[in-house]
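Novice: Sequence:
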Amino acid sequence: MEISGVISAIVIGIVIGVLGRLVIPGRQRIGVLWTIAIGIVAAFIGTGIASGLDVADTDGVDWVEWLIQIALAALGVAALSKVKLRR
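Per the working numbering, numbering through the sequence shown is continuous, rising by one, with the last residue being 87.
Be a bit skeptical, because a hint or two may be false.
[What the hints assert, rightly or not] Restraint ranges, calculated between C-beta atoms of paired labels, are given here:
hint	residue 1	residue 2	range
1	R29	D59	38 to 44 Å
2	V15	S51	16 to 22 Å
3	V11	G48	17 to 23 Å
4	L67	I7	21 to 27 Å
5	S4	G48	16 to 22 Å
6	I10	L85	23 to 29 Å
7	R86	L53	32 to 38 Å
8	D59	L19	20 to 26 Å
9	I10	G60	36 to 42 Å
10	D57	R29	35 to 41 Å
Think of the hints as simulated: they come from the structure by calculation, not from any bench.
From the three backbone atoms N, C-alpha and C, an ideal C-beta is built for every residue, glycine too.
Turn these sequences into a full structure, and let the hints steer you where they fit.
Specialist: What follows is the structure, encoded as structure tokens:
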């Protein structure tokens, strides 16, 4: 993977993290850096899942891949928020 691929993955991860956070109703008790980290991880895992389902490379916008990534980010934000709430 080239440096431009890594940078674009980080930028997409930031967007995915923010969208995942917006999907969860209510207040989340995690910071911006955790949201970004969750988004980056969700973007990488979501791309792997989409590739496994053979929906990663389609003509036009890869809506299914985006939905998988946003759902994973929302799950990550909700899980980390619950862990932070218990403390």
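Novice: The structure should be examined with respect to each hint, and the outcome stated for every one.
Specialist: Checked hints:
1. R29 to D59: 38 to 44 Å: holds (41 Å)
2. V15 to S51: 16 to 22 Å: Holds: the Cβ-Cβ distance is about 19 Å, inside 16 to 22 Å.
3. V11 to G48: 17 to 23 Å: Given about 18 Å between the Cβ atoms, the range holds.
4. L67 to I7: 21 to 27 Å: Taking Cβ atoms as reference, L67 and I7 lie about 23 Å apart, which means the hint holds.
5. S4 to G48: 16 to 22 Å: holds (20 Å)
6. I10 to L85: 23 to 29 Å: holds (28 Å)
7. R86 to L53: 32 to 38 Å: Once the Cβ atoms are compared, 34 Å apart, the range 32 to 38 Å for L53 and R86 holds.
8. D59 to L19: 20 to 26 Å: Holds - the Cβ-Cβ distance for D59 and L19, about 23 Å, lies within 20 to 26 Å.
9. I10 to G60: 36 to 42 Å: violated (23 Å)
10. D57 to R29: 35 to 41 Å: Holds - the Cβ-Cβ distance for D57 and R29, about 37 Å, lies within 35 to 41 Å.
The structure does not agree with numbered hint 9 stated previously, though it agrees with all others.
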